[in-house]
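The listed protein sequences correspond, in order, to chains G and U.
Numbering follows the working numbering, with no gaps: position 357 of the first sequence is 357.
Numbering follows the working numbering, with no gaps: position 494 of the second sequence is 985.
Hints were generated in silico from the structure; no laboratory data involved.
Here a beta-carbon is modelled for each residue, glycine too, at the ideal position from N, C-alpha and C.
Hints should not be assumed to be uniformly reliable.
When the alpha-carbon atoms are kept at most 20 Å apart in a straight line, the in silico EDC-like pairs for lysine to aspartate or glutamate are as follows [said to hold, decoys possible]:
hint	chain 1	residue 1	chain 2	residue 2
1	U	K647	G	E129
2	G	K288	U	E1089
3	U	K763	U	D820
4	G	K465	U	D556
5	U	K651	G	D289
Per the computed footprint, the stretches of chain U lying under chain G, defined by three or more beta-carbons under 8 Å from a beta-carbon of chain G, are [said to hold, decoys possible]:
hint	segment
6	626-638
7	669-675
8	828-837
9	920-933
10	1098-1108
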Amino acid sequence: MNSLVLLVVLPLFAAFIIPVVAKFSPKLSLFTGPVVLCINLLLIMSAWIKVGSGSEAIFLGGFLPPVGIVFYIDHFSLLFSGLIAGMVLIVWPWDAKESRLYSLYMLLSAASFGLVLSADLFNLYVFYELLAVATYGIIAASPISKVPNSSATAASLRYLFISSAGSVMLLLGIAIIYTLTGTLNIAHLATMTTSLDGFAGLSAFALIAIGAGVKAEMFPVNSWVAEVYGTIPRQLSALLAGLVSKLAVILIIRMLLMVFQQQAAFDLLLVVGMLGVISGEMVAWRAKDMIRMLSFSSIAQLGLIFIAFSIAGSKGLWIGMALMLHHLLVKGGLFLMADRFAGHMGKLKGLAKHSPMAAAVFLVFVLSLLGVPPFPGFWIKLLLILNLAEQGGGLYHVAIATILLATVIETAYIFKFVRILYQKADADSTPINKNYSSSYTFAKLFALILLVSMLFVSPISNHLKDIANHSASPHIYINKILPTKQLGDRS
Amino acid sequence: MTFLDHLFIVVFISLIAISALRNLRIVDKLAPVLYGLILIMLVRMSSVAYGGDVYLSSVSLDLLDFKMHWQFTALSWYFAIITVVAALASAVFMSGDWGRQYREQGGNYGMLQLALIVNVFSMILLLGSGDLLSLFIGWEFVSWASFLMMVLSPTKLAKKSAVKYIVYAMTGAMALMVAIVMIYSVNNSLEFKQIGEVFTQMSTSSQLALVLLFFVAFAIKMGLLPFHLWQAIAYAETPGPGAAFLGAISSRMGMFTIVLVIVQFIGLGGLKQLGISFVNMQTLLAWVAALTTIIPTYIALQQHDAKRLLAWHGVGQGGYMLLGIIMFDSIGSAGGLMHVLNHASYQAALFMTVVAVMYRTGTSDLNKLGGLVTQMPLTFLVMLIGIIGLAGLPPMNGFVSKWLVYRSLLVNGQPLLFVAAVLGTLGTILSVYKLIHNTFLGQLRLEHQNVREVPWSMLVPMLGLSIIVFITGFMPGLILPWIASVQESVGLPVIAHHLGGIEYAKGGLDMIWVSGILFYGFGVGALIFYFLGGKSKRVHQYDNYAGGHFLTSDVRYHYSNNFYPGLMHLIGGWYRGSFKWLENSIVSVVSFFSIFFENIYRAKQPVMLLLIGVVLALFALYRNLGVGA
């Protein structure tokens, strides 16, 4: 089981040797990354089978927790590890001629694996920062065109500012927790949640949530989203919107589920979630080009995920996880397609005639996004709303109303766009950019996965439910990581 | 395998077959055959419409702990038979020369056929739903299916209104979803009967919310006020037979769900207990219905395009259906239910006549038509029968259903609603006269001199529908048993009927007598005219005079603009577009908030705000924890 450490070590190692290898053989350096990721995928698969429905803790460095480093392995973390490997493989920069980009992607994967596997706050923070650094590097190294572009530079600089401010907040939150409890091991923290009740604990959670929320596109700290997604290559947007945002969410969720099971924390997530949903959809409604529309729709979807996580216990994790996977597929797919659709909306007239397949794939994605039966999006939305209704309490009902209102607005702007696609071409229309066929192929693959999963709604949902039940339980978590401490010690 | 399963299988196979073959010529002839097969499947189940047992589907789906099943009650069957007959008529209509012309003009004929079968499929699915979840799914399917048909229209305006429609439809779907969630959260069950049970357990405010949510959802589909703005343009601009089909039945799915949910499970008692003093939910809905009969009808009166005119009437006639059913007595509800079938039959026929005229002349603009009666006599006959039905005059079927509604309003002591209904009928009569006058009567335009009657592939469905319009008017007893079964299955008082009409203590109706006397009167008139010296002289169609002067054929005197100057002088000021204003102001409110949020996202220095937040947090902690101490 200790081989899982390789998930982090291998890409990290690759990141450092790729520049050296590139000196001798650029071809070899290009293939190092994908090979490492494939090895990781195999590792993850074997671990998936080995773990079964249970979970494992890996103790590193010769110290036992709460002092030593721990990786916690269950289906939840393995699922997202697999997604990281797959997603990075899909957006791997085959056509970039720079080895530093390969290094950065490897760094990003190492940090992402670390982020989903770590079980203590210190390591989470380290990996989070590493992820951030890798992201800055990638954004800076891959502008949308080779011509130096001032708006791209400005966007990435602003992203750097706001993201580092977020990191400061995250660090501050962690510091408060440490002051209050004297430990950073999450399992250990889970045994003493009472000392985190009250204002100080809540403000620690708020700081962590907002700090990590910068990457998770959380409402007040997401002004970078449209700007950055508009100036970077679409594959990278797909990676950031699809995956990196989810990793930050996972950080927040781990803290929420294991440590901060308090109503105030749920309410906080609920409120920022609602604001994200409504503001994202409304701004997307006014967007004039597709990337901007997708960016704000992505903000809204993340808001939806936060709303889902505000449902206490495993149900929240279950639905939130389903939403995350769905959004990963849909928004990842849409951003991958966006290459063909770039530019002002008015120029896309006649696209449906020109390539009906692309328009059809687009429709599949947006219909699922809207939650039209029988697409998977419908079932997720239905579950979300039914479970919100069960929560009781006025705020949850407001959330239902917000979601449904947002859906109507979403329908309005998406079908305004679809209408443009199906209009007759005119002089302004630009032919579709056909250079990015590989990302379009992956978009089609995503759509196919979406359609196939439509047939297996029940088994998938049951499986996710099992995963959620297991992962949302602090008891199991504590038992695995701190076998000596029992929940009786929680006081 | 029950008959219902067979029906679903046949519909599904038809869907697959048409979508696979839609670009081949064979689909022209195949589609009517398939609709015929579906009709046979339905007829096999007809026992349900004569008081037989409900058909249950042996298929049920168990998804995510929700059980979905399907069933066919008398109500489902009644709406299904209308749907399938309308689809069959439309499919025959487009199977021949119309389809050829449509293809030549660059229309996507295959998509039109596909849209039609998708509509039929989703409607059958909705009508067969056995619980709230399958209802919701069917509901969404129907919305998207009619959207698919509307976007086939080539004009920009139509596409825009189709998008408008889908936004409205989504609003309705979301309202329905909230209502369903409200019911589910009480007993964790989605069975239909839960609606009634949960309703009685709820607080008054929740009851009110539930009824309003359901009603908004259904009213949007049905195009009731104030949600009527999307319908007319979207339907009118749909290509030919598609418009006939949508106009005939599509929006009546809203009526189906109103009967299924509101009438059956909430009932008169439920509606009446919601309200203060003399205003309750029943009166509110009745007045919504009454205004729906009046306002769209008078908007129709102003139209200069034949299809628009008919489509606006389609909106208006929905009001009669609701008005009848909301009275909850035997004759009123029978009238409301019957009007669904009657309206479908004459509306489809009328749309087809307009499409037939368009097929020959290329326009449906009433200002550019006229005098076609000599050229297209059979089409004229169909339109004549159709408008008599639409106006609700004997001996056509529209009269029967409207008579029942009027009668019920009077019996129930609702004179104001009765006046409103009569006002609506007045507007209908005026505008259908405008329709037939400007299409078939008056001056024949020179360019239409060589216009001929449309081919038989188009005439047959038109004539078939007009025969239905006449027969069900002459012998309403053919339909009334179905109505009685529907009433029985949803718990309404059952109407007493015979072949000619109804028996009712306060005055029945026998259409065989009414029609007999009518034709007898015509017969006497004809006898007097022809045998007692009546002399007739044929004049040429261009032999026209005004003020003693001969009018040459290039002088135009036949317009639909300012058709009723006196009336418009009286009511013209009422056309203010208040609902358009309402719609626009909602859009403005959304824009306002969007701009507000956009400005938030445009904030130049969010980092500064974050840092301020951090400093404030630190300060608060310093006070709270004494960290610095």
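Structure-based check of all given hints:
no., hint, result
1, U:K647 x G:E129, "51 Å, violated"
2, G:K288 x U:E1089, "13 Å, holds"
3, U:K763 x U:D820, "14 Å, holds"
4, G:K465 x U:D556, "12 Å, holds"
5, U:K651 x G:D289, "19 Å, holds"
6, 626-638, "holds (count 5)"
7, 669-675, "holds (count 4)"
8, 828-837, "violated (count 0)"
9, 920-933, "violated (count 0)"
10, 1098-1108, "holds (count 7)"
Of the numbered hints stated above, those contradicted by the structure are hints 1, 8, 9, listed in ascending order.
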